[in-house]
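Student: Keeping their order, the protein sequence lines are chains G, Z, X, H, A and R. So the first sequence is numbered by UniProt numbering: it starts at 1 and just counts up by one. So the second sequence is numbered by UniProt numbering: it starts at 1 and just counts up by one. So the third sequence is numbered by UniProt numbering: it starts at 1 and just counts up by one. So the fourth sequence is numbered by UniProt numbering: it starts at 1 and just counts up by one. So the fifth sequence is numbered by UniProt numbering: it starts at 1 and just counts up by one. So the sixth sequence is numbered by UniProt numbering: it starts at 1 and just counts up by one.
To be clear, the hints were calculated from the coordinates, so they are not data collected in a lab. One should not assume that every hint holds.
Just so you know, same-sequence chains aren't split out, so a pair can sit in one copy or run between any two.
To be verified - Calculated cross-link-like contacts (lysine-lysine; reagent style BS3-like; alpha-carbon spacing at most 25 angstroms):
#	residue 1	residue 2
1	LYS28	LYS4
2	LYS28	LYS17
3	LYS20	LYS67
4	LYS111	LYS20
5	LYS4	LYS20
6	LYS28	LYS111
7	LYS111	LYS67
8	LYS67	LYS17
Bear in mind the structure is a predicted one, so any value in this text is a computation, not a measurement.
Here is how the chains run, residue by residue.
There are 6 protein chains.
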Amino acid sequence: MSAKETIWGEHTETIEKRLKAFHPDLQKYIDGFAYGEVYERPGLPLQVKELLAIVMLVSLGNPQELKTHFRGVINAGGSMQDIEEALLFAIPYLGFPRVIGAFEVLRSMQK
Amino acid sequence: MSAKETIWGEHTETIEKRLKAFHPDLQKYIDGFAYGEVYERPGLPLQVKELLAIVMLVSLGNPQELKTHFRGVINAGGSMQDIEEALLFAIPYLGFPRVIGAFEVLRSMQK
Amino acid sequence: MSAKETIWGEHTETIEKRLKAFHPDLQKYIDGFAYGEVYERPGLPLQVKELLAIVMLVSLGNPQELKTHFRGVINAGGSMQDIEEALLFAIPYLGFPRVIGAFEVLRSMQK
Amino acid sequence: MSAKETIWGEHTETIEKRLKAFHPDLQKYIDGFAYGEVYERPGLPLQVKELLAIVMLVSLGNPQELKTHFRGVINAGGSMQDIEEALLFAIPYLGFPRVIGAFEVLRSMQK
Amino acid sequence: MSAKETIWGEHTETIEKRLKAFHPDLQKYIDGFAYGEVYERPGLPLQVKELLAIVMLVSLGNPQELKTHFRGVINAGGSMQDIEEALLFAIPYLGFPRVIGAFEVLRSMQK
Amino acid sequence: MSAKETIWGEHTETIEKRLKAFHPDLQKYIDGFAYGEVYERPGLPLQVKELLAIVMLVSLGNPQELKTHFRGVINAGGSMQDIEEALLFAIPYLGFPRVIGAFEVLRSMQK
């Protein structure tokens, strides 16, 4: 299974349709470059890659993609605790407000 | 051995002296909160924490601390390849300029 | 016609009222400095200025002003394709999440 | 009265409950480090600290915490005019879009 | 004395020449808008304004302007301790790396 | 001639060698995705693309790549005045410090 299919899981079709509606070439670049090239690199376990994705998204101000990659950690075999630990670890680097915002997104998904 | 001693390794004394000269309480907070509390949390392996640290520092524009945490990955049992993979993985999230800047710092350490 | 009137078009009154309600001097500075001084500089076509505005707003995390300047590109004689191309061009510089967020704003305006 | 109690005022219980639900250790770190250590430092008046907090939150893209610290300025003895002046002062440093976004949050609290 | 003259002090001529060499209109906008309009607003003491300037510059990644405004705090009647307190206060909001970088700039000025 | 060859001009070999030394796949991704795919899109003139690149690099804090794209504007048929106008136009969006830093880089190249 590709990294993309693992991360997106049951949401694959929905996400792909959404990206294509944004712009067919946006979807093409995400598919071909981001997932097809960069995510498929061997070296780091997919679970670690998804934790890296999460803290980078937190540093970018918690855009909506955060939800996809919270799910991605779980889909790649990680745990809710891994996510929480990555977020708490971000505090000394990014400060509290960014991390509080990320927890807000995380908890909003659990309702 | 504490997370701090592992990451800072032979540079521990130099780094601590530098931070204390910046401000004694800055050193105290880094020692007590960042390393003493947050880094000592169980859950994620120190090696993964250091990779998270790296991509967050890249997202912050590659400040000097990047050097400490490049060394930190190695000191925590990771490899040069782990560092390179984390940096390449950051491209789709943070764009090329941030990552080019990080490689510049990395390679400058190897001369 | 002033740059401001071209960009804001039929929304001029609404935007001005909103800014004045935020703070009269905020509106005054936007009117006098941002539009009156900087936007009125000769040199770059207004259409190009609006594309520059868009990618800077994307880099700032897609604040609401993005909508005003998507419209601004069109009102200054540019096309929907110009907007899309500027957004896709931003990918290598700012990464995918920022650009996905911008397309989300763009498509939400077309519903 | 602690800095935290002054700033959070009548919202203390709600905020603490919210943070604890996000993660007990997040609440612990905010309580122990952010408020217990850093905010309690003598030197700068609490009112000035809250104005510093506000412009940093504006620079981070106006996260929800902004509301807490708008209230914090008032609770620490400052005025609505102090808040407005801090926001207007941020324009030359952070640009207009960040400041417009902050006024949007401020005025949404007054409805 | 104008806010600009107070902050820039004995460096006024040097800074103005440097800005004019960058672009005459850059100097004109800084003189007319940033200092002439925004800094001259009544309401907040100049000393507080300079502390706000400092934490915003720290959040922007510690550009060279930080030096000017470290001096500005002192020139406006503040103390070295005020500067240090503002920097330490920024930790919970912006994280440690930004603040370490700022202390680096501060201490480099004292040699 | 490709967009890459036009922008990099006589520095093509040097830049490629530098990127390859950073990481062969970094160079491959820049060549294949950033320049091969995104830059080669029809729609916007290369000159406009380079001005977009410049303001995005300014928003990222003026990394070294700025030099390459200052030259890129000229190599793509633009003028020094176009560069200056793009930088001045960025003031209301990104604030003065970012723009002052960019002029510093620009003028350092002319010595």
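Student: To test your reading of the hints: which numbers does this structure violate?
Tutor: none
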